[in-house]
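S.K.: Here is how the chains run, residue by residue.
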Amino acid sequence: MSARMGSMRVLPPLGARQRPWRMVERNVLAYRRTWYVFLSGFFEPVLFLLSIGIGVGKLVGKLPFDGHLVDYKQFVAPGLLASAAMNGSLLDTTFNFFVKYKYSHTYDAILATPLGTGDVATGEVVWALMRGAIYSTAFLLTMVAFGLVPSWWALLVVPVAVLIGFAFAGAGLAGTTFMRSWVDFDYVTLALVPLFLFSATFFPLSQYPAGLQAVIRLTPLYQGVVLERALVLGHMQWTLLVHAAYLAVMGAVGLRVAARRIGRLLQP
Amino acid sequence: MDPLIEARALTKRFGGFVAVDGIDFVIRPGEAFGFLGPNGAGKSSTMRMIGCVSPVSGGTLRVLGMDPAADGAQIRARLGVVPQEDNLDTELTVWDNLMIYGRYFDLPRAEIRRRAEELLEFVQLTDRRDSRVDPLSGGMKRRLTIARALINEPEVLLLDEPTTGLDPQARHMLWERLYRLKQDGVTLVLTTHYMDEAEQLCDRLVIMDAGRIVAEGSPRDLVATHATREVVELRFGRAAEQHAALARVRTLAPRVEPVADRLLVYTDDGDATAAAVTADGVGAASVLVRRASLEDVFLILTGRTLEE
Chain Y
58 MSARMGSMRV LPPLGARQRP WRMVERNVLA YRRTWYVFLS GFFEPVLFLL SIGIGVGKLV
118 GKLPFDGHLV DYKQFVAPGL LASAAMNGSL LDTTFNFFVK YKYSHTYDAI LATPLGTGDV
178 ATGEVVWALM RGAIYSTAFL LTMVAFGLVP SWWALLVVPV AVLIGFAFAG AGLAGTTFMR
238 SWVDFDYVTL ALVPLFLFSA TFFPLSQYPA GLQAVIRLTP LYQGVVLERA LVLGHMQWTL
298 LVHAAYLAVM GAVGLRVAAR RIGRLLQP
Chain X
13 MDPLIEARAL TKRFGGFVAV DGIDFVIRPG EAFGFLGPNG AGKSSTMRMI GCVSPVSGGT
73 LRVLGMDPAA DGAQIRARLG VVPQEDNLDT ELTVWDNLMI YGRYFDLPRA EIRRRAEELL
133 EFVQLTDRRD SRVDPLSGGM KRRLTIARAL INEPEVLLLD EPTTGLDPQA RHMLWERLYR
193 LKQDGVTLVL TTHYMDEAEQ LCDRLVIMDA GRIVAEGSPR DLVATHATRE VVELRFGRAA
253 EQHAALARVR TLAPRVEPVA DRLLVYTDDG DATAAAVTAD GVGAASVLVR RASLEDVFLI
313 LTGRTLEE
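Chains as they are written, first to last, in this note's numbering: chain Y, 58 to 325; chain X, 13 to 320.
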């Protein structure tokens, strides 16, 4: 009888949906003591805005955009915001993820609890998105303060930044599961620098030769730059939905691959 | 009593390599059960399957009456795990390590705080609660890992090589804590390659070698069944002398095992055998009589020592 009672013991309610949030809680605790590291993701795009947007912008003047003339700093700011969303989400899903999985074995400890590999992958992505949302909100407010946001569509800037973050967080997490050592991270840098510089971030797509334009149209950060620039300047059109769909699929596929790969790596 | 953990023909394969080769065992509530064997015997793989973090390749495994493949999360909710390699969260303090671990089990914060206070007291780390993990000594990290494993008040505590790498004092302190847990009714399942640890802690154990179970029983029964009562250890100045003496010594006792630096002579009367060896003039540099241990059981069953 007592054995039967034992096996009927009521378990604590383990809401499967809440489990990824435990990863977020963990990261909040971890960053609470290193908040200055957290702040760096905000200052970087602001420094670029001051130097390139306002400094170089004085030399450039106005650019033709979608049939209008646009102030250079107004042109470049949404590009910087999209890049910041990309970078912000990649920090925690690439370098920091690699340390936790390969060196400090943090995930081994977590997977000994009711949390599973899907919870870990989802939790890390959710955290990266929250971090990205905080950065992009701060940057958007900076843009408003500089008078760089003429359109009310800009209210969608942060949700779209989260979407950009989702795309890169999923892809970053999936890619990191294939990394063997720190040397492989050179490939991340190798991919990110050209994305940052040439996704129509700093000058319009029309400046590139036709063949290169076609390539750039297929790269991921370009989708985000187009979306953010359209929202900030209020140039809305239906084709924006294609760019958004691109990012959503990229994130979803990445997250799925990552969850499966994490299972294979950490639970052989 | 229903078994807590039951394995039938349990198998773990990694590609073509068979790490656990069809083992059977039953672990009952409240006992301290050990897997003793050298590195690579398949102990850790077995533990990881019990802990529901490594899928079973063959055979059946039931943990707390459930199937790890289907009910992993529910099983893990009732287990405590102390892994071989410390995996404390190095980005958090001692206290936060316990707090967040309790959260992974979905416990309310007030309850975790209450338990964390008690557990820090239990493992004598109360004065280090705001310290980071890195500066802690090996023994302290181990104790914190045990405290962490107890935050969900587990019914079964899985310990993989719990005292490997600790100094003797830290080991004894850990053994004493584990003994108290056992008295509180927690089922202990541990792996070790230290025979003294197995003798100290285990009510019952299996000896593993190359993925198989080669013997099973209480430490005392295993020694009684597979070894003689006493052992005479003969040391020689040079390996060549030991080699030359082996045949002579074999005429004096039914069972002699040569190991790297000595001959082990199995006998029920150590003093008589020691006297005979000395009288025979085999030229041993030292002669020591001791009681047989699990180390000897392993040597007799596999022809190798645990440390090899």
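Simulated from the structure, these hints should not be mistaken for laboratory data.
Don't take each hint at face value.
Claimed, not checked - Calculated Cβ distances over 12 Å to all of chain X for the following chain Y residues:
{"#": "1", "residue": "82"}
{"#": "2", "residue": "109"}
{"#": "3", "residue": "191"}
{"#": "4", "residue": "198"}
{"#": "5", "residue": "239"}
{"#": "6", "residue": "250"}
{"#": "7", "residue": "272"}
{"#": "8", "residue": "277"}
{"#": "9", "residue": "314"}
What the hints assert, rightly or not - Listed below are the simulated EDC-like cross-link pairs for lysine to aspartate or glutamate, each with C-alpha atoms no more than 16 Å apart in a straight line:
{"#": "10", "chain 1": "Y", "residue 1": "115", "chain 2": "Y", "residue 2": "128"}
{"#": "11", "chain 1": "X", "residue 1": "194", "chain 2": "X", "residue 2": "98"}
{"#": "12", "chain 1": "X", "residue 1": "153", "chain 2": "X", "residue 2": "98"}
{"#": "13", "chain 1": "Y", "residue 1": "159", "chain 2": "X", "residue 2": "97"}
{"#": "14", "chain 1": "Y", "residue 1": "159", "chain 2": "X", "residue 2": "98"}
{"#": "15", "chain 1": "X", "residue 1": "153", "chain 2": "X", "residue 2": "123"}
Quick reminder that beta carbons are idealized off the backbone N, C-alpha and C, glycines included.
S.K.: Now, for every hint given, state plainly whether the structure supports it.
M.R.: Hint by hint, here is what the structure shows:
| no. | hint | result |
| --- | --- | --- |
| 1 | 82 | 6 Å, violated |
| 2 | 109 | 34 Å, holds |
| 3 | 191 | 19 Å, holds |
| 4 | 198 | 29 Å, holds |
| 5 | 239 | 18 Å, holds |
| 6 | 250 | 28 Å, holds |
| 7 | 272 | 40 Å, holds |
| 8 | 277 | 30 Å, holds |
| 9 | 314 | 19 Å, holds |
| 10 | Y:115 <-> Y:128 | 9 Å, holds |
| 11 | X:194 <-> X:98 | 22 Å, violated |
| 12 | X:153 <-> X:98 | 7 Å, holds |
| 13 | Y:159 <-> X:97 | 13 Å, holds |
| 14 | Y:159 <-> X:98 | 13 Å, holds |
| 15 | X:153 <-> X:123 | 23 Å, violated |
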